[in-house]
Amino acid sequence: MTQQVHQQWTGPLPPPAALEKFNQIIPNGADRILKMAESEQAHRIEYEKAGVLATAEEAKRGQYLGAAISLAAIIAAAVSAGLGAHWAVSVAFVGVPVLGLVRAIVRPRR
Numbered sequence: 000m001t002q003q004v005h006q007q008w009t010g011p012l013p014p015p016a017a018l019e020k021f022n023q024i025i026p027n028g029a030d031r032i033l034k035m036a037e038s039e040q041a042h043r044i045e046y047e048k049a050g051v052l053a054t055a056e057e058a059k060r061g062q063y064l065g066a067a068i069s070l071a072a073i074i075a076a077a078v079s080a081g082l083g084a085h086w087a088v089s090v091a092f093v094g095v096p097v098l099g100l101v102r103a104i105v106r107p108r109r
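Heads up: the sequence shown runs through residues 0 to 109, numbered per numbering that gives the first Met the number 0.
The set of hints was computed from the structure by calculation and includes no laboratory data.
A couple of the hints might just be wrong.
Under the rule of at most 25 Å between Cα atoms (straight-line distance), these lysine to aspartate or glutamate pairs were calculated in the DMTMM-like manner [as the list claims (entries may be wrong)]: (1) Lys-20 with Glu-37; (2) Lys-34 with Glu-45; (3) Lys-20 with Asp-30; (4) Lys-34 with Glu-47; (5) Lys-34 with Glu-57; (6) Lys-59 with Glu-37; (7) Lys-48 with Glu-37; (8) Lys-59 with Glu-47; (9) Lys-20 with Glu-39.
Beta-carbon label-pair distances, calculated as ranges [claimed, not checked]: (10) Gln-2 with Ile-25: 22 to 30 Å; (11) Thr-9 with Gly-61: 35 to 43 Å; (12) Gly-81 with Arg-106: 18 to 26 Å; (13) Pro-11 with Ala-49: 19 to 27 Å; (14) Val-101 with Ala-80: 36 to 44 Å.
Ideal placement from N, C-alpha and C gives every residue a C-beta, glycine not left out.
Assemble the whole structure, with the sequences as input and the hints as a guide.
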């Protein structure tokens with residue numbers, strides 16, 4: 000008669016009984032496994048923190064770029080009005096950034 004035992008666990012740490020067996024097979028095996036789990040968790044936290052910081056930087060860059068484009072459009076509208084261009088030219092210069100702003104407010108990110 001043959002008996003086969005299959006054990007499985009989910010997560011970074013095995014159950015305490017398995018840790019004890021690791022200690023019997025490898026000196027300080029359980030300690031090494033715990034250090035590995037702690038290291039993996041620290042890496043994951045740093046990775047997620049870097050992702051959050053990158054997203055914040057991307058948003059800030061987008062705000063600066065949007066402000067620069069809007070300012071350039073307002074200046075172009077003022078210059079075209081000062082040079083005597085048709086009123087529709089100034090409206091077009093200012094209208095495009097305003098419509099972009101309205102679109103960003105009305106249709107939020109997904």
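Against the structure, the hints come out as follows:
1. Under the criterion of a C-alpha separation no larger than 25 Å, the hint pairing Lys-20 with Glu-37 is consistent with the structure, at around 20 Å.
2. With a CA separation close to 16 Å, the supplied pair Lys-34 and Glu-45 stays within the 25 Å bound.
3. The hinted pair formed by Lys-20 and Asp-30 meets the criterion: a straight-line CA distance of about 12 Å does not exceed 25 Å.
4. A hinted pair counts as satisfied when its Cα atoms are at most 25 Å apart, and Lys-34 with Glu-47 qualifies at roughly 20 Å.
5. With a C-alpha separation of about 35 Å, the suggested pairing of Lys-34 with Glu-57 is violated against the 25 Å cut-off.
6. Only pairs whose Cα atoms come within 25 Å are accepted, and Lys-59 paired with Glu-37 is rejected, the gap being roughly 33 Å.
7. Restraint check for Lys-48 and Glu-37: satisfied, since their Cα atoms lie roughly 16 Å apart, inside the 25 Å limit.
8. Of the supplied pair hints, the one linking Lys-59 and Glu-47 holds, its CA atoms being roughly 19 Å apart against a limit of 25 Å.
9. Proposed proximity of Lys-20 and Glu-39 is supported: the alpha carbons are some 22 Å apart, at most 25 Å.
10. A C-beta distance of roughly 26 Å is found between Gln-2 and Ile-25, which places it inside the suggested range of 22 to 30 Å.
11. Checked against the hint of 35 to 43 Å, the pair Thr-9 and Gly-61 passes, with Cβ atoms roughly 40 Å apart.
12. Under the hint 18 to 26 Å, the C-beta atoms of Gly-81 and Arg-106, about 34 Å apart, miss the expected range.
13. At about 21 Å, the CB distance of Pro-11 to Ala-49 agrees with the hint of 19 to 27 Å.
14. In this structure the hint that Val-101 and Ala-80 lie 36 to 44 Å apart at CB is violated, the actual value being about 22 Å.
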